[in-house]
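All chains, please: the whole structure from these sequences, using the hints.
Residue numbers (our numbering), protein chains in the order written: chain A, 1 to 554; chain B, 1001 to 1554.
None of these hints come from the bench; they were simulated from the model. A hint or two may mislead.
As the list claims (entries may be wrong) - Taking lysine-lysine pairs in the PhoX-like style, the calculated list, with each CA pair at most 20 Å apart, reads:
#1 A:Lys142 <-> A:Lys88
#2 A:Lys494 <-> B:Lys1067
#3 B:Lys1203 <-> B:Lys1088
#4 A:Lys198 <-> A:Lys51
#5 B:Lys1088 <-> B:Lys1150
#6 B:Lys1494 <-> A:Lys67
In this text, all values refer to a predicted model and were calculated from it rather than measured experimentally.
The lines below spell out each chain.
There are 2 protein chains.
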Amino acid sequence: MKIVIVGGVAGGASAAARARRLSEDAEIVLVERGPDVSFANCGLPYYIGGKIADRNKLLVVAPEQLKARFEIDVRVRSSVESIDRTVKTVRIHNLASGEEYEETYDKLILAPGAASLRPPIPGIDSPGIFTLRNLQDVDRIKAVVDQGVKQAVVVGAGFIGLELVENLVRLGVETTVVELQDQVLPPLDKEMTTPIAKALAEKGVTLLLSEAADGFEQTPDGLVVRLKSGQELPAQLVALGIGVRPENKLAVDAGLKVGPRGGIQVNEFLQTEDSDIYAVGDAIEVQDFVLNVPTQIPLAGPANRQGRIAADNICGLSSTYRGTQGTAILGLFELVAAMTGASEKILKRSEVPHRMVYVHPTDHAGYYPGAEQMTLKVLFDPESGKVLGAQGVGGAGVDKRIDVLAVAVQSGMTVFDLEEIELAYSPQFGSAKDPVNMVGFVAAGLLRDDHPQMDVSSLMELPADERPFLLDVRTAEEFADGHIPDAVNIYVDKLRSRLDELPRDREIAAYCQVGQRGYLATRILNQSGFTAVNVGGGYVTYQLYHPPGDESNR
Amino acid sequence: MKIVIVGGVAGGASAAARARRLSEDAEIVLVERGPDVSFANCGLPYYIGGKIADRNKLLVVAPEQLKARFEIDVRVRSSVESIDRTVKTVRIHNLASGEEYEETYDKLILAPGAASLRPPIPGIDSPGIFTLRNLQDVDRIKAVVDQGVKQAVVVGAGFIGLELVENLVRLGVETTVVELQDQVLPPLDKEMTTPIAKALAEKGVTLLLSEAADGFEQTPDGLVVRLKSGQELPAQLVALGIGVRPENKLAVDAGLKVGPRGGIQVNEFLQTEDSDIYAVGDAIEVQDFVLNVPTQIPLAGPANRQGRIAADNICGLSSTYRGTQGTAILGLFELVAAMTGASEKILKRSEVPHRMVYVHPTDHAGYYPGAEQMTLKVLFDPESGKVLGAQGVGGAGVDKRIDVLAVAVQSGMTVFDLEEIELAYSPQFGSAKDPVNMVGFVAAGLLRDDHPQMDVSSLMELPADERPFLLDVRTAEEFADGHIPDAVNIYVDKLRSRLDELPRDREIAAYCQVGQRGYLATRILNQSGFTAVNVGGGYVTYQLYHPPGDESNR
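Right, dumping it as structure tokens:
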């Protein structure tokens, strides 16, 4: 059997190695347009910032190694130009020699990846404007950086854009981020990104939201980025991180179906409609594991697994891809933001019924030094309690809780199961009631109705005259430090003796700092004949929606 | 309703707070023998070592706070002496005043905890010999430490014993550990504790395994600990960490059933055979979640959850306890060891069929600085692949993987599901193929028989003349650095061209450093007409069983 693989990075390289393991006899040809195979895509920003000092570290496997160990016929600097499905050949263009030739295949795996978007803005092709997908990009950026960059503009505040920002700040570059949406990290819900925006500001990064680049002009000092708002930003380096589009030309030209966003369509075996052609990685349309609809989620982990699965199926081992959850993570300075499964905005857009809770626990026992507060937001089905998605932002331990919740999503766990999760506890690693257990307690209480809750967003969307009576049950000191407008303060420990100060003809929304005291207050009130709800996640959640100093929210 | 709770730490305090949340009307009496409620049990060793500097940090909630916030009638320094089930009263002894009195109950929750074992060894009651269960213990130890301790002996190398060792080393105390078993951390499988023993030695701790204290004698300088072997150890401080026994006297005297190891027996609602009496925490017998047999696992997380569940049931909310997995973790210097579910030795002893795999990946992408190697061992059902247990040892990221695997155990996942787990990847947090995925790949390959494996232990148990031909497929340099006796070295990349050097009439056991190259070698060999297996986890696993310099293994 002869297997030709187009693309030699995550999905393609995985497919090649796996195919060889399964079949010593197969002829395996790996065709890669660039000079490198299997390079560390996700490390590129850190090489720019110097965190990864040695460029060779980014070359996970050299073409010669794939040849020596796996007997893969690796052809770099070679571009597959077309597929002839009727005779099962591909046309390969050797970019070094210029030669073109046909290669036959029995099975073809398309792993061409995705290309960075370069919008047709005037001046987009000026020198100093870069995307960041491969080592060549990074070499070009590093060359500019090494000449000395005072100001940089990063267009797009997604994962890669912000990783690049961190590294530019590390290099002492004055950095401005321009993002079309009204938040950073668009896959996350907006309020969960408030700490990220704050951290960027604290590091001196200028963040321009709901803003876009409109044009680029060369100047004696470099470039000027013209924004939609009319503002002009001088820069010696511009990096575009506004997303990617699937490299689907080969598939489209061959008459293979692509989805509405351009991803090559495959079945659960990762087979295109041509049973001899498979496709994997960033170029394909995948099934959203939670929503069970087609989507596009370019991630390294799934690409690797898909490569493996395609090879399995080609080599006679039936193997299916279960879909992508979209588990993703960003490290930014001392902060971590991560997510898995569906976000609130996606659930809303998809009209999927859901409820949510917020908790703000510390990553480990508060009595042990170094505990850091995090925020977890978990979305779940209002009937079954099935976990639909989770997001976390904070410092240490966010990655662990999102990974735990990723497994919960995969296995179809409910919030009632989260109550029962038994994680490793010792004071430096967690708490006897882990943050994930806390999520379970709060969410299960909501569903069982013994802990009625109102979301901050629902509360603030109500017209002022329809809002419940707002009861702040924190201490007088905490109240004085900041509170939700119009709230009345009665400390939870005094509540039982001051019930006569509260209205019996009006719903009461109690809140505290993170939700625990508000929960107790709600219990006291509802058992004393009042109608009360707890504002989920308390004042800390409120502040995520209404960051201090954010005038737009007043 | 009047609820009386015996014991005010993890389980008891949780039950009290939960009961109040569920019922404003209940009368809740919390009786605690000691002066403190809800103190941070698990922080005690760190207070001794000074990592937790402020003693008040260990007092999670003061009795007055329970009173003010939860209207709990807290009675500290009060001991429940007996239960009269016929009239539903308890007899309480006020240890401060000496007064004794009866208290009625509608529902009684027993949360008395467990007491440290103090074996009847001559001299056991000498000054300077301590156990470590509460703040009074810790005050006594700290008093001795503050006077200056040169040498200490810790009897028992379990979790608490080793945490104490770390803290004594932090204080500069020459420490000897005496452990009856032939390994440290007896809940783990022996080979997984090899790195722990090594770390202790590196920190200058003397580790005496298969050894026991036989007697204690007072000397002018402190104590002498006499060991079974005859050896004598001078010490100014001796700490006993040899385990605990359930505080079951109250229950036994009241005619309630206890299990063979003394744990109070309860049903899934945590109710004793007297439907008005519940029991929770370290004092009870629990169901082993994996093996589904009664056992005793004293852990803070489960105790907290049990308190909550007992209160639920008393307050009319039906709630069941699913059993305990025994997820536990130790931080020791720079090392972490953790486990969840069943160990190999427990599975063997219980005659439960199982297979296992080892992987030795890094906690995050190798190309990003600071990656640390860990060892994961996962046990699973040989038919279904269901995950039965996991152990990890290494540095960063061990806690995360064991927590992920704890959820896998809880949800009944198989090793095939582990292949598909989608964790958060970015180079500082993980790998595109996470350690947990690697476990899945290796274990699934074993079950699907496309990756036949032989355990190191099985290999070494074979008589020399029945052993397979041992093939080391690492580089000549690696081979020269150390290898399994009698192995022949052919580098994996040269294997295809040197097949004629290998026997066709004998099984071949290939191995490399961690298992990956050995896997490929096995694939090559089996597809070329040989009968080959991969030695699971390679030379690193071999070294866990045969630590360099350990003469007993030669």
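Task: List of violated hint numbers, smallest to largest - done: Of the numbered hints given earlier, those the structure breaks are 1, 3, 4, 5, listed in rising order.
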